[in-house]
Every structure is written in C-alpha cells, then in structure tokens.
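**Q** Residues per chain are reported as follows:
Protein chains: 2
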Amino acid sequence: MKTNILDTSISGHTNLLCLLGHPVEHSISPRMHTIAANHLGLDYAYLAFDITEEQLPAAIDALRLFRCRGCNLTMPLKHTVIPLLDELSEASRLAGSVNTIVNEDGKLIGHTTDGIGFIRALEDRGCTVAGTKMTILGAGGVATPMIAQAAIDGVREISVFKRKNATFQETVQFADNITKTTDCKVAVYDMADADTMRREIGESQILANATNVGMGDDTASLVDPSMFHKDLVVFDAIYHPAKTTLLQDAEAAGATIINGEGQLLFQGAASFALWTGKEMPIDVIKQTCFPNLLA
Amino acid sequence: MKTNILDTSISGHTNLLCLLGHPVEHSISPRMHTIAANHLGLDYAYLAFDITEEQLPAAIDALRLFRCRGCNLTMPLKHTVIPLLDELSEASRLAGSVNTIVNEDGKLIGHTTDGIGFIRALEDRGCTVAGTKMTILGAGGVATPMIAQAAIDGVREISVFKRKNATFQETVQFADNITKTTDCKVAVYDMADADTMRREIGESQILANATNVGMGDDTASLVDPSMFHKDLVVFDAIYHPAKTTLLQDAEAAGATIINGEGQLLFQGAASFALWTGKEMPIDVIKQTCFPNLLA
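Those protein sequences? They're chains A and B, same order as listed. Numbered according to the numbering used here, the first sequence spans residues 1 to 295. Numbered according to the numbering used here, the second sequence spans residues 1 to 295.
Here chain A stands alone, though its shape is the one from the complex (with noise of 0.2 angstroms):
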C-alpha cells in the first residue's frame, strides 16, 4: 500500500494555492511548492489552472470566493493583473508586474518575487549585488522586476539596453522613476550602440540577459564575445537551453555565468515564504527539482 504524509495531513483545513497563466502545464511550480508544503508538514495544495487574459477577472473572484492563500502569475497575466489588486509592493508597483498574490483575508496583495530570485540566484553563487554597477539586456516583462529589485537591493547603478522601437519612451519614464524613488541610478540605451554597450558592460560587476534572445533553439547572442572580462559575473534569465551563446562566450572569456534556473528557484521560494511565512526547503528543492543547482 502507497501511503504518506499527505494521507494524513489532509482535511477540509487544507488551503489552496494556484498558478494562473497560459500556457501553464509544464510548469514546475506545482511540483516545487508541494514538495516544500509536504516537507514542511503545512497544509497546502498547489495546482496549475490554465487562465487567459479575459479569464482573469473571474479566476481573481474565484480566489477570494475560496479564500485561497494565495497564487502566482505567469505569462500573460502579469500585468494585467494589477487593477484587480487591492494593493502592490514597493517592488511590483515599480516594475509594473506581479507574479504572486497573498490574500490576506479578502484584502489581494500584489508582489513580485521574479526580481528578488534573481538576486538570491546570484548570492547562492556568491556573489553580492549591493554597490554594484550592473548592465541590464532588455526591460520587457522580464527584465522590470530584475530593475526594480536590483534597485531596491542597493545596485549603485544600471545600464539598460533595449531596441530603439516604439515603447524606448516608455522604458526611459521606467528608469527615471525608479532613478527618482531609489538610490540607484538608471539609464537607457540603444542596444544597437555596440561602444556604449562595450564601455558600460567593461564598468559593469554584473551583466543580465533579460530578453528571449538565446532561447530554445535561437543561438544567436547579443554581446560581442570581446565585450566580457574575466571579473564579470554574467547571468541569463534562460534555462533552456543550460547554456546559451551569451554563456557560452562569458564562460569563455574567463567570466562567471549563471543561468535562469536559480531565479525560478528563488523567485518560488520567496512566493512560498509570503503565503506560508516560512522558508523554503532550498536543498530539498534543488535536490528535488533543481538537480543541477546542487553544488
């Protein structure tokens, strides 16, 4: 007979968090979250619902109907979330995205934990954000919470690179906010101006990938394999593949790399902590989920 811990822990108190998003059934985070609740012996079930943008009202209702503790958010929900909110934290209200919600008694509060597991990523590795000088690739839904935290976390300042398009105004109003209500200072170029990419990247302590390029079966990279230095902590919001071209040529160089596995890790963990109020388990979720976090 197959029996465990959940056979018994299991009862009308137990309370429900959700992934909202679409797509959502390759997700990890179900796997992650039980595991970590089961460990920990807290009585909560994870599941995945599949919710699109216009869903998302009624899903929002449905959260509060049974008084679930809480869920996160994926694609493309991110954003659109934000007027069904009660309330944001600091660093949901900067970066515009919310990838967690906490019901805290009917009262939905908006978080995002995507910018605070690429910071914990990059402290597993052991490297310190606070003071740093830092360049960022991209500022779409990925990279504004990466900012937004690294601002918050004490980065001295910020390089944004990002195409010249439609929206380049809209990003340059993103960093001079975040420029006027922290103590980091941010900018924004055109990630067309190789010198300018190559002098703030040669000033830079951390380098991110916060765009799509490099992903799935995309080899391309967008920094000059000639721009990185040995000192250089670089870090790719992808996992998939472990190791893109952007890694490939840093390790190369001499430089450290990181991929995206540690930020879904951590942004988790901090999700996890917000709705249970205790740490998660890392090294039962790296052995777990993320064999390859393992030291």
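Simulated from the structure, these hints should not be mistaken for lab results. Take the hints with a grain of salt, since some may be wrong.
List time: in silico SDA-like cross-link candidates among lysine to any residue, alpha-carbon distance up to 20 angstroms [stated by the list, open to error]: (1) B/Lys107 - B/Leu84; (2) A/Lys286 - B/Ser11; (3) A/Lys243 - A/Ser226; (4) B/Lys278 - B/Asn292; (5) A/Lys107 - B/Asp50; (6) A/Lys107 - B/Ala58; (7) A/Lys107 - B/Asp195; (8) A/Lys230 - A/Thr256; (9) B/Lys107 - B/Glu87; (10) B/Lys243 - B/Val213; (11) B/Lys107 - A/Ala58; (12) B/Lys230 - B/Glu251; (13) B/Lys107 - A/Asp50; (14) B/Lys185 - B/Gly202; (15) A/Lys230 - A/Arg199; (16) B/Lys286 - A/Ser11; (17) B/Lys278 - B/Val102; (18) A/Lys185 - A/Lys243; (19) A/Lys164 - A/Asp224; (20) B/Lys286 - B/Ala58; (21) B/Lys278 - B/Asp105; (22) A/Lys133 - A/Gln205; (23) A/Lys278 - A/His39; (24) B/Lys286 - A/His39; (25) A/Lys230 - A/Gly202; (26) B/Lys243 - B/Asp217; (27) A/Lys286 - B/Gly12; (28) B/Lys278 - B/Gly41; (29) B/Lys133 - B/Asp217; (30) B/Lys107 - A/Gln55.
Here the structure is a predicted model, which means the values were calculated and not measured.
Since the structure of chain A is already known, use the hints to place chain B on it.
**A** Chain B only, in chain A's frame:
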C-alpha cells in the same frame, strides 16, 4: 527528509476536486479521496471550500473556469445547485438532490451517490435489497436519495413515515412520482400513526432512519422497541453516536444493525468512480478512515 508519492506525481496536470458546502472543515472527504487518489497514483487533489447558497453560482462558475473534474456538495447546497447544472442523473432527478457534479468538458452533470452509499452499506454487510420491503423514517434531504436509489435498485415496496406538517403533500407527490416511474410502490404515512408503523415495520425486511432524531446528544428514538423483529436489518444514517437509541433497541431485539459510516464511505466511493473511472480501494479507505467498518 519526508518525501512521498505526491512529491513525484503532482504537476501542472493535477486536477482539482472539491467539496462545497457550509460547514465543511471537519469533513472526512478530503482525506478519503486524497488517500484513494494517491493509492491509485491518480493526479487529483481534493479540497473543501466553505460556500453558502448565495455563493454557489459563483463557485459553480469557478469549477468551469478551473476545469475541475468535479465536486461534492453537502448541506445546504444539494437542492440549490440543481438549476445551475446541465444534466441530472435519474436518481438525482427522482430525489431532487445532487451530492456529486461531474464536469464532462464543460457540461456539468449532477448525480446523487447518497442513495448508492446507503444501498452499498447494506450490501457490504451481506444484506440484499432487491425484492424487499423497506420502511424509511423521514422524507427530507437525507431520505429522498435513499428512497430514490432503493426504488431504482429493485426494492419492491417502501413505506415512508413523515410528520404530518406543511410538506406532507409534497412527500406524497414525490412518492407518487417514484411509484409511477419505477417498479417500486412508495406509500407515505403519518409518523404519529403507531399502529401503521408497527404493521409496516412488521412486514419489512429493512428499516432505515433518515431523520436527525438520535443525533449527537439526542437519545430519542422514533420506533417503539416492541416494533422490532429479529429478521429486520435496521440502518441509521446517523454515525455520531455510533449507536443511536434506535440501533441499541434494535440490537437488543436481535435485529441486525448498521450505522451511517458505511453510507459515508460508499457515497464517496461512488463519487470517486464517477470522476476517475476507477474503483476506490475500499479496504485501504476502511483502514485509514473508517476502522469501525473493518470486519
């Protein structure tokens, strides 16, 4: 490290089952269905949500939105839910009661397994119902699914005893409808008519209490001890206390007695089979949730 089968089986594909009602937090159903699903390696989570009649339409919308495979309904929702569904099973239609919804690709079908639970609880104790005469005390929400299923399952004749109050005529219509649409003849009598009750019980092989008389601290019984006979099977839908005064008196008279625990188990098993297409592992559930039912 505590790990278990759910550690590996829960995923983005895990489907939500739930119990809706008020109150629900002390229900055994989450435990029973979770153990059964885990034991069979099926990818379901079963939670309880406290939902009032006013909240029910929104909860049903949420079931559709989240593509839940189904739910159980308990008080006070078993009748209220009917207009919100797309189809009803024969037993649900006859009983005017739904305790189980199956979501067939967005079409919600209402079933009642409370009567099946009653019949299978009798069968589990070696009592065959087809061809028998049955006396049932009560005509409320507990009684109607039992009466409807007994009629469907070939009981020859059912004598229903009910207080002669404002809803007596409604029960007569309910009885007439079953008499018309099944091969079972259902008659309704005044609960205060002791002579008729004595005669009907005397002619019956099975007596069932479907009222709440005898529940909890109530030591009353609707049946005079002299009415029992030793060939009678006496069932009480109540299981707190495990042995009501009715069952104590019946046992003293040499009758076979069965309380409501088996009905609770087997209604769950029938719902489980409707959702999953698999038989609930009865022995496992008896061992883990209903030790009193082990032979």
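**Q** Just to be careful, I want the Cα atoms of B/Lys286 and B/Ala58 compared with a cutoff of 20 angstroms; is the pair within it?
**A** The given pair, whose Cα atoms are some 35 angstroms apart, is violated under the 20 angstroms limit.
**Q** Verify the proposed pairing of B/Lys286 with A/His39, using a straight-line Cα cut of 20 angstroms.
**A** 26 angstroms, violated
**Q** Given the hinted pair B/Lys243 and B/Val213, is their alpha-carbon gap at most 20 angstroms?
**A** 12 angstroms, holds
**Q** Quickly compare the C-alpha distance for A/Lys133 and A/Gln205 to 20 angstroms and report which way the hint goes.
**A** OK: A/Lys133 and A/Gln205 at ~6 angstroms, within 20 angstroms.
**Q** Take a quick look at whether A/Lys230 and A/Arg199 sit within 20 angstroms of each other, Cα to Cα.
**A** 15 angstroms, holds
**Q** Do the alpha carbons of B/Lys286 and A/Ser11 lie within 20 angstroms of each other, as the hint requires?
**A** It holds: about 17 angstroms lies between the C-alpha atoms, which stays within 20 angstroms.
**Q** Straight-line Cα separation of B/Lys107 and B/Leu84 no greater than 20 angstroms?
**A** Answer holds: B/Lys107 to B/Leu84 is near 11 angstroms, not above 20 angstroms.
**Q** Going straight from one Cα to the other, do A/Lys185 and A/Lys243 come out at no more than 20 angstroms?
**A** 30 angstroms, violated
**Q** B/Lys278 and B/Asp105 were given as a pair; does the straight-line alpha-carbon distance stay at or below 20 angstroms?
**A** 19 angstroms, holds
**Q** Straight-line Cα separation of A/Lys164 and A/Asp224 no greater than 20 angstroms?
**A** Roughly 19 angstroms separates the two Cα atoms, so the pair holds.
**Q** Checking one constraint from the list: CA of B/Lys278 to CA of B/Gly41, max 20 angstroms. Satisfied?
**A** Distance ~11 angstroms between B/Lys278 and B/Gly41 Cα, so the pair holds.
**Q** Please work out if A/Lys107 and B/Asp50 have their alpha carbons no farther apart than 20 angstroms.
**A** At roughly 18 angstroms apart (the allowed maximum being 20 angstroms), B/Asp50 and A/Lys107 satisfy the hint.
Hint compliance for this structure: hints 4, 7, 18, 20, 24 and 29 are not met, and every other hint is.
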